[in-house]
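Engineer: The residues making up each chain are set out below.
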Amino acid sequence: MNIFNKIFLAFVLAPKKLYSQWGHSRVPHLTSILTTKLIMDDRRPNTIQATKQHRDKNKEISNATLGTMLMSLLMGLSFLLAFSLGDNYVTQLTVYFTLFITLLCMSLVSDFTSVLIDIRDTNIILPKPVNDRTVVVARLLHIFIHICKITIPMCLPGFVYLVVTAGIVAGLLLLIIAFFAVLLAIFLINAVYIFILRITTPEKFKNIISYFQIVFAILIYASYQVLPRMMDEITVKGLDVSDNQWLMIAPPFWFACSFNTLLTWQGSPVEWVAAFMAFVVPVASIYVVIKYLAPAFNQKLAMISGGETASPSRSSGTEWQKGVAERLAGWLTTNKVEYTGFLFTWKMMARSRDFKVRVYPSVGYFVVILFMIFFRNKGNMDAGPDGFIFSFKPMIAIYLSSMIVTTAMSQMVYSDKYNASWVFLIAPVRQPGQIISGALKATLFQFAFWLMVFSLIAGLWLAGPAVLPNLLLAFCNQLLITYAIALIGFKRLPFSQPLGVAQKSGQFVRGFAMVFISMLTGGVHYLIYQNALAVGVFLFISLLILGGLMYSIRKIAWAEVENPE
Amino acid sequence: MQGIDVKNDPVEAKRRIGYIPELAELYDVLTPSEFLHFMGSLYGLEADVCESRIGKMMTAFGLFPNIHQRMDTFSKGMKQKVLLASGLIHNPDIIILDEPLSGLDANSVIIVKDLISKLAKDGKTIFYCSHMMDVVEKVSDRIILIDNGSVVADGSFEALKQQEGNRSLEQIFARLTAKDNLGQAADDLINAFGN
Numbered sequence: 001m002n003i004f005n006k007i008f009l010a011f012v013l014a015p016k017k018l019y020s021q022w023g024h025s026r027v028p029h030l031t032s033i034l035t036t037k038l039i040m041d042d043r044r045p046n047t048i049q050a051t052k053q054h055r056d057k058n059k060e061i062s063n064a065t066l067g068t069m070l071m072s073l074l075m076g077l078s079f080l081l082a083f084s085l086g087d088n089y090v091t092q093l094t095v096y097f098t099l100f101i102t103l104l105c106m107s108l109v110s111d112f113t114s115v116l117i118d119i120r121d122t123n124i125i126l127p128k129p130v131n132d133r134t135v136v137v138a139r140l141l142h143i144f145i146h147i148c149k150i151t152i153p154m155c156l157p158g159f160v161y162l163v164v165t166a167g168i169v170a171g172l173l174l175l176i177i178a179f180f181a182v183l184l185a186i187f188l189i190n191a192v193y194i195f196i197l198r199i200t201t202p203e204k205f206k207n208i209i210s211y212f213q214i215v216f217a218i219l220i221y222a223s224y225q226v227l228p229r230m231m232d233e234i235t236v237k238g239l240d241v242s243d244n245q246w247l248m249i250a251p252p253f254w255f256a257c258s259f260n261t262l263l264t265w266q267g268s269p270v271e272w273v274a275a276f277m278a279f280v281v282p283v284a285s286i287y288v289v290i291k292y293l294a295p296a297f298n299q300k301l302a303m304i305s306g307g308e309t310a311s312p313s314r315s316s317g318t319e320w321q322k323g324v325a326e327r328l329a330g331w332l333t334t335n336k337v338e339y340t341g342f343l344f345t346w347k348m349m350a351r352s353r354d355f356k357v358r359v360y361p362s363v364g365y366f367v368v369i370l371f372m373i374f375f376r377n378k379g380n381m382d383a384g385p386d387g388f389i390f391s392f393k394p395m396i397a398i399y400l401s402s403m404i405v406t407t408a409m410s411q412m413v414y415s416d417k418y419n420a421s422w423v424f425l426i427a428p429v430r431q432p433g434q435i436i437s438g439a440l441k442a443t444l445f446q447f448a449f450w451l452m453v454f455s456l457i458a459g460l461w462l463a464g465p466a467v468l469p470n471l472l473l474a475f476c477n478q479l480l481i482t483y484a485i486a487l488i489g490f491k492r493l494p495f496s497q498p499l500g501v502a503q504k505s506g507q508f509v510r511g512f513a514m515v516f517i518s519m520l521t522g523g524v525h526y527l528i529y530q531n532a533l534a535v536g537v538f539l540f541i542s543l544l545i546l547g548g549l550m551y552s553i554r555k556i557a558w559a560e561v562e563n564p565e
Numbered sequence: 001m002q003g004i005d006v007k008n009d010p011v012e013a014k015r016r017i018g019y020i021p022e023l024a025e026l027y028d029v030l031t032p033s034e035f036l037h038f039m040g041s042l043y044g045l046e047a048d049v050c051e052s053r054i055g056k057m058m059t060a061f062g063l064f065p066n067i068h069q070r071m072d073t074f075s076k077g078m079k080q081k082v083l084l085a086s087g088l089i090h091n092p093d094i095i096i097l098d099e100p101l102s103g104l105d106a107n108s109v110i111i112v113k114d115l116i117s118k119l120a121k122d123g124k125t126i127f128y129c130s131h132m133m134d135v136v137e138k139v140s141d142r143i144i145l146i147d148n149g150s151v152v153a154d155g156s157f158e159a160l161k162q163q164e165g166n167r168s169l170e171q172i173f174a175r176l177t178a179k180d181n182l183g184q185a186a187d188d189l190i191n192a193f194g195n
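Residue numbers (my numbering), protein chains in the order written: chain F, 1 to 565; chain X, 1 to 195.
Quick caveat, the hints were computed from the structure, so don't treat them as lab data. Don't take every hint at face value.
Here are the simulated lysine-lysine pairs, BS3-like style, with alpha carbons at most 25 Å apart [to be verified]: (1) X:K79 to F:K417; (2) X:K76 to X:K113; (3) F:K491 to F:K356; (4) F:K417 to X:K76; (5) F:K356 to F:K417; (6) X:K56 to X:K76.
Pulled out of the complex, with its shape left as it was, chain X reads as follows:
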C-alpha cells in the first residue's frame, strides 16, 4: 500500500487511512471537540491544527453549536457526523466508510455523497461498504460484490451491467447472491396467513 508493507509497519499504514465505522461507536461522555482533539492527537496532529479543522468541519456539518455538549444526548445522525469528521480530520489518502449514511437526515446525505465524490476527485481512494445498492451504484468507480465472504463480482458498474444484462445493481446483486428465488420468499410470507 503506497509503498508501505502493511504487515511490517501497520502503524504507518494506519496513519494514511481514515476509518469510519458503521456503528456509532464513540466515547459519548466526551464532547465532539474533546473527542476530535483526542482523535487528532492520535494521528499526531498539532492542537491548533486540530482546533481549526474541528471548527470548520463541525460548522460544515451544522454541529458547531453543539461542539461543547456531551455526545450522550446526540442523535444517531449527529454521532455519525462526528465520526465522519474523526475519520477525515488527518486528511487521509485512503478512506474506509462502512454504511456512512445510516441515520443521517436527507440534507446530510446529500452533503456526504457530494463529499465522497469530491474526495475521490482529489485523488483519494475510498472504500465504501454498503447494502444500499442504489447509492453504491451512483458513487462507485469499481464495485465488488461479496457473498458469504467470497467475491462474486468485480468491476465498474458499466462492466457489471454488460455482464449481467441491463439491470440495476440491486437486481444484479440479487441474481448473483440469492440462492432461492426471492419472489418465492415473498409468496411464502403471504401464504403464512393461510391457516
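This is chain F alone, in the form it adopts within the complex:
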C-alpha cells in the first residue's frame, strides 16, 4: 500500500469506538476488508489506463491510486481555466463547478461497478463469519475513501488559487461548497444507475457502464481540444452568466452564487435564492438517496450478481442487425470462408465489450480531429482566396480515417478469449488468408465506411463537385494503405492473440513501414492533386496495386500466420 492509502485508512478507522459500539461492526474485520480493497484498488487499471491501446500485461499495475489522484489533480488544474473568464466570481465559479460536477460524475460512474461494488464479495466475504453491518460499513468507508481520492486532488488547485488571490477564507469556502457539490454528484450517479437498471436488464448493465467509460475518455480528449478555443471566444465576448435567468435551474450556478454571496455578503435576490439552493438541494437529494434510492439500488445490484437470466427471446432489433451483417457479407465477400471471416469479425467487434473499450476511444479521438478539420477555421476556408491547403482538407480527413481502421485492425486480432481461436485451426481451411480478408473487410466497413461517407459529403459541400476525382483517389489510397499495413503487420487471425503479448522484434520496422506507406501515398497525392490527369493516372495505378494487395491477402498460407504460441 502506498502512503496515501495508509493515511486514508488510518483516518477512516480512527473512530474505532463509533464503529464497534454504535455501528455494531468488528474493527479487525473492517481493517482487513478495507486493507484488501485498497490493495486491489492499487492494482486495478483506472479508466485512462484501461483504455490504453497496448496494455502490457506483463507489467503489473501497482500504485494505480497514485495515477488516479494525479489524473484528478490534472483535471483540477484544468478547472483553473475558469478563473480566466469574465470578471466576477459568479461567472467563473459557474464554469468551475460545471466542470467539477461533470468530470466527477464521469469518473465515479464507471468506478462504481468496477471498483466499489465487486460482485465477487458475495462469494468470498459473505460465507465468512463477518456480520452484515461490518460489510456495509466497510463498503461505505471504501466508497468514502475512493471519493476522497478523486475529489481532494480535484479541489486542490482551485483552493490554492483562491487562497493566493482572495485569501484563506475564500479557499475554505470553496472546499465547503465543493463538499455539497460532491453530495449532489453522488445523487446524480445514483439516479443514473437506477435509471439504467430501469430501462435495461442487469446483464447489459456492465456494457452500458463501459460505454460511459468510452464516452468519458472521448469527452476528456474533446474538451482538451475544444475548450481552449471556446475560452478564447468567450473571453472576447466578455461573458457574464448572471445575465441569464434560466441559470437558476443549473446547480453549478447555485454553488457559484453561494460562494459569492457568502464571501461578500451581498448579491441580488436571485443570487441569494440560488445560494440557498446550493445547500438545501444536495442535502435533500442525499436524503432521497439514503431513504429511497439506496435500498432499490442494493436490490438491483443483487440482481446483477445473481442475474444470469439471459432471455432466450430475441428482440426484433437484433434480428434486423443480423440481416444487415449477413447481407453485407454476401455483397462484399466472394466465398464461404471469407464470408465466415467477415461475419465472425463483424459480430465479435460489435459485441465484445473488451474490444470496444480498447478501440472506441481512439476512434472517438479521430472523429473529434475530423470535426476539427472541417469545422475549425471554416470561415477561413470560405474566405481564403488561394484555397490551396484548405481544399485538400477532405482528403486529409479520408487519410485520417485510415488511421482509425488501422487502430481497429491492430486491436481486432486481440481478445480475452483468444484460446477460442482453435476453431480456425481445426477447421479444414486451406488458406487462412480468406478469413483474414473477410475480417479486414468487416473492419473496414464497420469503421471506415461511415467516416468516408461523412468526408465525401463534407468534401463535396465544402469544395464542390470538382473535388470528386480527388476524393475517389483518396478512398482508393485509404483502402490501399489499410491492405498494405495488414499485409505487413497483421498476418493474424481475428481475435486469436492474447492481450498484451510481448512485442515481437521487428515491431519498430513495421511501425515505420506503416507510417512510410501512409506518408508516401498521401504525400504524392498532395503534390499532384491539382492536376486532373495526374490524379487519373494515380487512381489507375492505385487501383491496380489495391487489386494485387487484396489478392495477396487472400493467398496468405498457414505457414505465414502468426500463432499466439
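Got chain F; can you put chain X on it based on the hints?
Structural biologist: What follows is chain X alone, placed relative to chain F:
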C-alpha cells in the same frame, strides 16, 4: 447445527463452516499469501498462525514458489488449490465442497480425495456436491440425489444399490432422474445426420 441456531446467529455458524465454491472466484489481483491472510483474518485468525498455516498448505499443494505472485496469471487448478486452502485455513468442523476437483491435475485429485477421507476420519462433516458420480460413489458415506430441487434418493451407497439393484451410482442417478430414455437421446443425435 452444533447447538447453534443458524437463523439467530448465522455468523457463529459461518465460523465453523469452510466453504469452497465451484467457480474459481477470488480476488485475482492479490497474491495467494495476501488472499489467504485476508481470509484468515475474516475468520479471526492471528497473523502469525495464518502465516505458518499458509506456508504449510501452499507447500503441500506445491504452490509455495508462487506464493507472492498475483493470481491473475494462475491456471484454474492453481486457483482451485488456493480456494481449497482458503476454505480449510481456519480448521472448520463442517466443510462444503462444490465440485472441488474441477480443473485439478491428476496428482492433485489424488491429494484432494485423500484429504477428504482424512478430514472425514478426523470427525469433520463434509458436504461434497458433484456431478462426477464415480467420485461421489467412492468418497461418500451418505448420498443424496437431487433432481430439480427435490430429493430423489437418500442413503449410503450400499443402501442405494440394494434399493435400485446392483448398479453404479451413475446408472442409479440416470434411472431416478432422467425423464426420457437416455439411449433414445443418443439415437436422436445419430439420426440428426440423416438429412
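Engineer: Are the hints correct? Go through all of them and say.
Structural biologist: We went through each hint and held it up to the structure:
Straight-line distance between C-alpha atoms of K79 (chain X) and K417 (chain F) comes to about 19 Å, which keeps the hinted pair within the 25 Å bound. As the CA atoms of K76 (chain X) and K113 (chain X) are separated by approximately 18 Å, the hinted pair is consistent with the 25 Å bound. Distance hint between K491 (chain F) and K356 (chain F) is fulfilled; the C-alpha atoms sit about 22 Å from each other, no more than 25 Å. Of the supplied pair hints, the one linking K417 (chain F) and K76 (chain X) holds, its CA atoms being roughly 15 Å apart against a limit of 25 Å.
Pair hint K356 (chain F) plus K417 (chain F) holds up; C-alpha atoms about 14 Å apart against a cutoff of 25 Å. Using a Cα cut-off of 25 Å, the hinted pair K56 (chain X) and K76 (chain X) holds, with the two alpha carbons roughly 21 Å apart.
In terms of the numbered hints stated before, the structure departs from none.
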